[in-house]
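Chemist: Sequence:
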Amino acid sequence: MLCCGLVGLGWLVLERHAEVMLNSHRPALSWSQKLFYLLITLTFYTSAAFGYTEFKRIGVDDGLPNATIYSVAQDQHGYIWLTSTNSGLLRYDGYSFSEFPILTVSEMQHLGHQDVGVLLIDRKNNIWAGTWGYGLSRIDAVTGQLSRYVVDKNSDQGIAGMQVQALFQDQAGNLWIGTTSGLNRLSPDGKMTQIGAANSLQPLQHQRIWSLQQTADGTIWIGTAEGLHCWREQTGLCPVVLPYANAAVGSRDNEIRALITKQNTLWIGTRLGLFSLDATTDDISPAPVADSMTTPIINHLLFDTDGNLLLGTYNGLFRYNPQQQKFLKFRRQDSLLPTVNVRSMFIDRTGVLWLGSRENGLFYARHSASAFSSLTSLLPGEQAEDLSFTVTSVFNQGDLLWLGSAEYLYRIDRKLEKMQRYQTSGRVNTIRSDNQGRVFAATDVGLFRYEPASDQLQRVDQPFTLAKARNDNIRDLIINDQGQFWFGLWGEGILFWDPATQQTKLLLSDVMRQKVGDAVQALYQKGDFLWVGTRYSGLFQISTSTGELRHISEDKTSGLSLPSQDVQCVEPGPADSILICTEQGLVVYQPQTLTQQLWDGRSGLLTQNIVGAHTDADSNVWLLSAKGLTLKPAGSSRFITFTRQDGLVATELVFKAIFNDQSGTIFLGTIAGLAIVEPKLLWVNELSPTVAVPEILINHQPLPMLAHSNDWPAIVLKPTDSSVEFKFASLDYHDVSRNQFLYRLRGFDPDWILQSDKRAAYYSNLPAGDYVLEVKGSNNHGLFSDKTVEIQLQVLPPWWQYRTVQVLMGIITLLLILAGHQYRLRHVRQINRLLQNSVQERAKAQLILETKVAERTSALEESSLTLSLRSKQLEKSLQEVAKANRELKRLDKLKDEFISVVSHELRTPLTSIRGAVGLIAQRVVEPGSDPYQLLIQTAVNNCERLSSIINDLLDVQKFEAGKFVLQLKPVDLVDLVQQAISASNAYAHKYQVSVTLQADLAMPLTVNVDALRIRQVVDNLLSNAIKFSHQGGAVLVELSGDEQQVKVAITDQGVGIPESFHQRVFDKFSQADASDSRTQEGTGLGLTICKKIIESHQGQIGFVSQEQQGSCFWVTLPRLASLP
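Going by this note's numbering, the letters in the sequence shown line up with residues -1 to 1122, in that order.
The set of hints was computed from the structure by calculation and includes no laboratory data. Owing to the predicted nature of the structure, the values given are computational and were not obtained by experimental measurement. Glycine is no exception: its CB is placed at the ideal position from the N, C-alpha and C atoms. Some hints could be false.
To be verified - Simulated restraints, written as ranges between beta carbons of each label pair:
id, residue 1, residue 2, range
1, Pro572, Gln323, 46 to 52 Å
2, Gly435, Glu684, 41 to 47 Å
3, Tyr420, Glu97, 55 to 61 Å
4, Ile751, Arg468, 48 to 54 Å
5, Tyr760, Pro570, 39 to 45 Å
6, Ala758, Asp553, 39 to 45 Å
7, Phe301, Tyr420, 50 to 56 Å
8, Ala758, Leu814, 44 to 50 Å
9, Asn152, Pro186, 21 to 27 Å
10, Leu814, Ile751, 45 to 51 Å
11, Ala196, Asn152, 18 to 24 Å
12, Pro717, Lys513, 54 to 60 Å
13, Glu1036, Glu873, 48 to 54 Å
Stated by the list, open to error - List of simulated lysine-lysine pairs, DSSO-like, C-alpha gap at most 30 Å:
id, residue 1, residue 2
14, Lys513, Lys524
15, Lys1025, Lys1045
16, Lys324, Lys122
17, Lys785, Lys625
18, Lys503, Lys513
19, Lys725, Lys122
20, Lys988, Lys1025
21, Lys756, Lys785
22, Lys874, Lys891
23, Lys785, Lys122
24, Lys151, Lys189
Starting from the given sequences, assemble the full structure and let the hints guide the process.
Modeler: Below is the structure:
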């Protein structure tokens, strides 16, 4: 969309602004303030204006080559044509300007710039351009050929002057050419005639022609620099008519600058005002001007659609009513655009008014009654800037209008035209009234109730306190007929509150807390069901009677599929449907049939982000968005969008800020104040637009265009052309930013493509073939053209894709294949002969080779057997070496353990003996005394201990040497065990451990054993059990037997054996604690000797132990039947 300076167009809006900003009767507004507002108004060209719409300005920044526009016209296709200084003749399609030459190539090289002052498109659609200093140019409507008319006394086509100021085509088709040096008439047959030359019988009062017109009686009226002439075919020129008969000589008071006729009345624009002339009586009279009004210098006259006469002047746009015979003010302002020099005016066939200005660019707008107004219409006494706040919510109650903003709640009495505001310190999201008529405001910071008695807002905290809600940020509010409240909260779900019973309930809290920033944004109650729209979690349905919750947007049986989980509104729709607003379109859901319809950009919406919806009593649907107010009429698939260009105070509408007072008015919240809509006054553009393709680019280079043609010849793309781009134009200028296009390239695109924000179709690398581009365009209100523009497109294939070339290439290929085949056959035969010879030679060589291979194979087999034998021997040797190595390592380890244990176990008793003997030798104690006896006993005990260690070592050596001999004889194992227990009592008493025997003493258990060695085993196991028991522990000795064997089990409750030591318990010198600091004595040979002894008796020894839970060692021996 072109960047345009905005000029207000609505009569009513301008009057309101003028009354507010320029009312000299308001003492509060100083003259400096009035001047400031006026300068702001003129600087941005914003004031109320035509038909409650807005002017848009097109300037140099918007692509206009020159800011001075002298003439505006429209051709038969709908293009707007402009004349300008330096830039010549311009064609405008609503999006861009195209310049067309009105001088020949040689003239342009010699003369340079093109100044065009006047433009005429005749009835045959030829374009006539009158230049300033370069004569007259004509562009033929059929051929586009340029013809030139200049001052040439030697030609019958010469004109009176090179500066053309007026062009007019009369009823007979004659073209009248007014210049600064005289007047010419060009007949339809091409005959050029000069009228009123200075040397003629009927000369003009002045040769400078300003304007030309014709009344209904056929009279031609000629406005000159010094008065008005008429011309009739029968009588020629009539005497001059002077509006100011007494004007000073040389003055410009009688300069007839503009003429326009209506029936037989001629309206005359001069430097000193407006006049009317009755062509039947030649009576001329000035138009009355109010004393407060400055007489305008008139440049152009034009009747608008209401029959008022529009005056383009040095001081903007004026309006005169011929019936009332007075100038009509724009409220209190005499003219629009008072600083703009309006040089031309034109109303195109869609009703858009165009204003060409001097050095201020081009203006355009529609003149129509407006259905839109703002707060200024309700509060004329308020400052405009005080009413331009963002309206976040709207509610109407009789004559009271309630508005919400970011920090305030506004109460407007429409009858008294007064406004009161109340601070909320938070955004007002919803305004509702209960069944008692009390008004409530739901805000970001809680709930407020308006108290009429005190004219204040009262905060309502009860529902949040009772429900212990952590957040009182209310996004939406519903109050049902029973006075019960439903709050949609930020991050807390839904809060139900019944003021009558003070009952509260929180729903959806868990769901809301699952996603940071989730909120209930929309509530709608229909019957027993509450519909809940959330920010991130889609749509829910809650039964108000049972509390049953249904996540309907996730329920596949519901028939509902949302394009986005961000639900921004839930509202009733037509035919019992539900409207669901999302950021990806609006869903129309039918709960009864479980069906839905999606309205989005593909349906014709300018934007898919719908922030509000409303269905009126006539089933029309109104949609809110940042792109304006969209209306979908009942029974129609068309979407009509209204924006600031149509009269809205602002295009961007606010989230859910809409209210219908059901009396013909809809209130809308916008970012710039309140918009008031009267739907019955809405003007909808029902004119089908003309669609054009003004520009085609091949490889990004534009094709030359014809001035008058809207039809392109067939476009041919060569193989070297990689891309083609078609630019569209919908020649409806109300608001080209809202024009949409449907196009498809038949033969390539499978379906129509809707373009809402672009006006071009780009194709690259199209396959060779024939295509047809089809284009439809819409106007600003979504009505598409009846006709489809079609452009033929042919993409030529590369030379190798032509059928003839392909056939020739096929024939050549076949011939080459045939020649190759013949050559191949000859070659194959020759190769076969060579192969036969080669095969015979190879057969001989193969026989020799096979013989040699057999010999070598036999030799290799013998070598392989030898290597295999040697490999096995080597492997066996390596295994023996590895085994010897492991044995050496084991012996080395045993050596280390033996040295460690023996050194410790031998050194300890020797130290004790040496100490005791030393004390005796030194006579430290008296012989015969108790200490003396103790030392003697210590020495004896340690000698016995040394003897026991040496015996153990000798036993091990005997076992290793195989010299161990058993003295076998039958023995009662019960007696043997009892003797061992008796012998260990003193040892057990020392460690405070009890020993218990569990056996059947009456039944002997006879075994054939070496009694001494078996006693040695039992003593060893008993001593270990006692030694490793805890103080106060018990040792259990169990004897049992069957016919085959007897078993001795000794169980203690001591420290047990670690799991890691179980495998090494019976190894030589193995001890669970082998450190020098261990608390228990021993060489680690006892269990080894026990195992050797038992195995020598063909018995078994084993144990069961868990660390810190004790151990059980058992021995089994073969049993004899009875003692001999």
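Chemist: For the pair we were handed, Lys1025 and Lys1045, check the Cα-Cα distance against 30 Å.
Modeler: Status holds; Cα separation ~22 Å.
Chemist: Falls inside 18 to 24 Å, the C-beta gap from Ala196 to Asn152?
Modeler: 20 Å, holds
Chemist: Could you grab the alpha-carbon distance between Lys324 and Lys122 and see if it respects the 30 Å cut-off?
Modeler: Not OK: Lys324 and Lys122 at ~38 Å, beyond 30 Å, violated.
Chemist: Decide if the proposed pair is consistent with the structure: Lys725 and Lys122, CA atoms, cutoff 30 Å inclusive.
Modeler: With Cα atoms ~27 Å apart, Lys725 and Lys122 stay inside 30 Å; holds.
Chemist: Just tell me: holds or violated, for the beta carbon distance of Ile751 and Arg468 against 48 to 54 Å?
Modeler: 50 Å, holds
Chemist: Is the hinted range of 41 to 47 Å satisfied by the C-beta distance from Gly435 to Glu684?
Modeler: 43 Å, holds
Chemist: Is it true that the C-beta distance of Phe301 to Tyr420 lies inside 50 to 56 Å, as the hint says?
Modeler: 51 Å, holds
Chemist: Straight-line Cα separation of Lys988 and Lys1025 no greater than 30 Å?
Modeler: The given pair, whose Cα atoms are some 10 Å apart, holds under the 30 Å limit.
Chemist: Holds or violated: Lys503 and Lys513, Cα atoms, limit 30 Å.
Modeler: 21 Å, holds
Chemist: Hint says 48 to 54 Å; check whether the CB-CB distance for Glu1036 and Glu873 agrees.
Modeler: Given about 51 Å between the Cβ atoms, the range holds.
Chemist: Please check whether Asn152 and Pro186 have a Cβ separation lying inside 21 to 27 Å.
Modeler: Check passed, 24 Å falls within 21 to 27 Å.
Chemist: For the pair supplied as a hint, Lys756 and Lys785, is the alpha-carbon distance within the 30 Å limit?
Modeler: 20 Å, holds
Checked against the numbered hints above, the structure violates only hint 16.
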